[in-house]
Amino acid sequence: MSRIRDAFAQAQAAGRVALIPYLTAGDPSADQTVELAGLLQDCGADLMELGVPFSDPLADGAINQRAAARALERGMSLSGVLQVASRVRGSRSLPLVLFTYFNPVLRMGLAEFAARARDAGVDGVLATDLPVEEGEEYRQILESVGLEAIFLAAPTTGAARIESIGKATGTFIYYVSRTGVTGEQSSLPEAARDNVLEIRRLTGKKVAVGFGISRREHVEQVSGYADAVVIGSALMKIVEEIGGGHSLGEQLQRRFRDLLPRDRPR
Amino acid sequence: MGPLLELTEAYEAIRVDESFRREMERILRDYVGRPTPLTRARRLESALGGIRIHLKREDLNHTGAHKINNTVGQALLAKRMGKSRVIAETGAGQHGVATATVAALLDLQCVIYMGEEDMARQALNVARMRLLGATVVPVGTGSRTLKDAINEAMRDWVTHCRSTHYILGSVLGAHPYPRMVRDFQAVIGREARAQYLAAEGTLPDLLVACVGGGSNSIGLFTAFLDDPSVGMVGVEAAGEGIASGRHAARFPGGSPGVLHGTFTYILQDAGGNITATHSVSAGLDYPAVGPEHAHLREQGRIRYETATDEEALAGFQLLARLEGILPALESAHAVGWLASARSSLTPGSRILVNLSGRGDKDVDQAAARLGVKP
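Just so you know, the protein sequences line up as chains P and S, in that order.
When we follow the working numbering, the leftmost residue of the first sequence carries the number 1, and every step to the right adds one.
When we follow the working numbering, the leftmost residue of the second sequence carries the number 1001, and every step to the right adds one.
Chain S on its own, in the form it takes in the complex (with noise of 0.2 Å):
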């Protein structure tokens, strides 16, 4: 509890404290490259038919995903705190190659832990830390997945908690992670939102995210809460259908229950164990959801849905074919969920699909699944 008391303390004071901010929305603009493009995807609008449908760019930040928004943050208060090593985990290697990276612009020491399991699938994610010059830790304990990674990070930051951030990647954990992580993360949804009314003249009808821990959706959710006539749809990995056992779909298949020092949705078994998870994206197979979208559900504001890896590597397909966007297997859920779900939606919605990151990490296993040969 100790460096968590300091972490909010200090995080209190660099919400109000204006040089932070303004610091913070140097590097976003300068070296992230924010604010990320509006994109029409026009032909995937024909394919899919009735709809009007636009891409929140998330894949065009500098690294390739929206996990910088929040290490830049974190690595700066770090910074602030007088911290000279961050640590990190990753699932799919997104997380860790943003924090490597502001680790190398900031100065500090970096080490991040990964599941083996997702060191093979994700190698060359492992190799861009490396030459960033942070230490890839292998976690070869339990599923070798994200959720041992967090393990191991809580295990090194608690010993070195004194010279230590732990630069968390989702709304999971502990208080105050789940708010802080947000909170760097909503300027998606603050451009976003600003962008859609600038180029339509109103308010999308629905917004669409992939839910891991569920750090991309709630950046972009956040700042249409309190739009009423804007609808909301997390959709979880499905895997191989909930029906089979393999899968990372916490809402329909888990119960409330604390893993990581979060009270939320977890999938455990009769005796309390968190159960193994499966899904083709390294990055959305965890056990547990951010506990804000556990209350959003509650409150009936968001609505959550799943994707299968199939439907995620036909959302991948159509927009590589359509679009000419390779996004990240995560990201291709929420576009996945979209081509099912079309016949459901009332025709002239205007959905607006947060793309949280681009799929080069994940050409070779896409190709692999898609039949198409190097």
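Same shape as in the complex, but just chain P (with noise of 0.2 Å):
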């Protein structure tokens, strides 16, 4: 059984795209974290990111690089982040993918994570700095314990690699909307569309588009066109403006809410 594909499948059958929020795990407490996933699903995430911190976030934005560094100071650790994988999973029942550099994860040894990642209830890992051609040994150590290892396209990936990648991926492939780094922008660009439908046509797997998903129209945009989207920066960015207040719960379920399509139940 795969909790991911029946996610995946579970929206398509509501003819609906699937939604992904991300939020970087101790920021700002562990405890919130917990709290804040098992919100988030009750306004309808369907999968769940989890960042993991790192020293150097080269694929993050100022948004989600400030967050990893709270987190960091806190004393979040890839060790901590599958405590609080495995917390969630204790309550929950929706998909969990970390979102990860690969650092961590080679200094814990890979299999060592893999099975720790298994045992925490965890069922994708996207390694962001890890491309396929790197990534076989860890690919069969992540399956050969039942977890999914997640890649990335970009808009520059030629249509050899996505096939690569297609084939190495698991449920799906994490299109990254524009060339750069997460964070918030104005408006999607317009090859986003022909891409996430080149990538479906090359590898025949779901696609998931993030980077820079911030506003409902976005959200609506991608919904017509792609498996899922994954909204990161948009939420960081009230977990930072609120930090550990009482109103954070509520005011992170607003926001999210305020990101969904009009035409979805809420």
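Any given hint could be a false lead.
[As the list claims (entries may be wrong)] According to the in silico footprint, chain P covers these stretches of chain S (three or more CB under 8 Å from chain P):
(1) 1153-1164
(2) 1215-1225
(3) 1264-1274
[Stated by the list, open to error] Example chain P residues on the side facing chain S (calculated, C-beta under 7 Å, incomplete):
(4) ASP56
(5) LEU58
(6) LEU78
Treat the hints as calculated values from the structure; they're not laboratory data.
For every residue, glycine included, the Cβ atom is placed at its ideal position computed from N, Cα and C.
Put the two chains together into one complex, using the hints given.
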């Protein structure tokens, strides 16, 4: 059984895009990440992406960089994120995908990481700085314990690499909407639609679109052609503004709902 | 990966392109001032006693360091790739100045990323880059040094890769950078080997060079790798000492890991996060070493040693007082190690030290540390 595959299938059956919110684990605290993940599922999240804070988050824009720095200052680590995942899994059924950089995983050891992630109830892992060309051993080790390796594609990715990524990735490919790093933007590149359709045609895999999804119209646009949409910095901005305040859960839910397509029940 | 594949393809094409080679050689000769001399350091020999010392004078290149060998090559490559904008990171500022210089020469828009801490300690080079028409962007995240400047340059590159070439300044990062930068720097060793043979009728016994990312050292060492009689020492920055935790010595103080797209020795904590580095020289203040160095160390071909801030400053003073050369604090690590290791060297040893850059940028800091009043 694959919780990720099932979540995509359910969204597709309901004729809607799957929603994947992202939270940097440990910001503002491990306890609050656990609580916020549950609250996001309550308002419609289909999958949850948990960010592993890293000292040098190359693929991240300013909002997520600051979130990672705050989480690290509070002592969060890959081991800590696995504990957070395990606590979410204790009460929640939604699929959990770790969004990480490769070095913390390598440092823990691929086999130990895979076993501990599986035991924590993690379903998939996306290592942002591990290209598919270097990822075969990692992919095999994850798959041997039933975890999905998720790989990224970008607007600059050529057809041959898209096919390799399609063969290696689990249920879905994470398509980066633009050349660049995570963070909010005013509009999505027009080429995104064609690129997503091409990726699906070449690979037969589901496609999630992320990086810069920060307005309801973005989510509505992406709903028209992609299988899933990832919302990260737009949520972490709220976490940054409210911090550990009592209203964080409520405000985060409000922000998330504000981003949902109009025709979607809330 | 897209931009890296595009770069690899373009680099493979120019490697065998005769017109590219001629253009590069012309600029290195008529503009940079190559070949750089090989200087016998007689008074340093007398002071240390019993060894023969030559200096490869990369400090005499235009802009004051070996960095320009690489920026000429990469800027010409950027032009061939149709890029209108180049970006670079810089630590000590030498790579930034060398990039800003070739950008002016070849009519390329230029943006340099530099950590705020490095901007403070290398203010002269910040002014030089701005005078050359480059935009210098302060990087205030993380340790506010070279590593963070690379992070920011890489973020810029992935965002603007269609118009922009990233001129990475050392043998770091993902393929093809470590090989490409080595190839552009290998001119140092090709010249030095021929010059040494012409002057001495034999090869040196030992090469010594400082290792930050490791471009000046690999540039010198590469031409001698097939000469089994030639030993090589790369000198890392031990800062305030390995035991203090305040250093940039990746081999004795680090472990294998991945940073900036490279699997090599890095300074990291138990959770795989990159740890803070320290060195008196901004150019060596970086938590990863070039992957080819890690490979050559594993093969036993190159030995890696360290010099502390104090030893580097001692090397700086020796060269200034005895040879009339103010070396860059980076290069002073090679001299400082040699002075400290003198007693362990075989009498009569022939030593070739790569003097990778000059110390104009470091005069304020060196004067302060050595108690000299301006």
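Verification of the hints:
no. : hint      : verdict
1   : 1153-1164 : holds (count 7)
2   : 1215-1225 : violated (count 0)
3   : 1264-1274 : holds (count 7)
4   : ASP56     : holds, 5 Å
5   : LEU58     : holds, 5 Å
6   : LEU78     : holds, 6 Å
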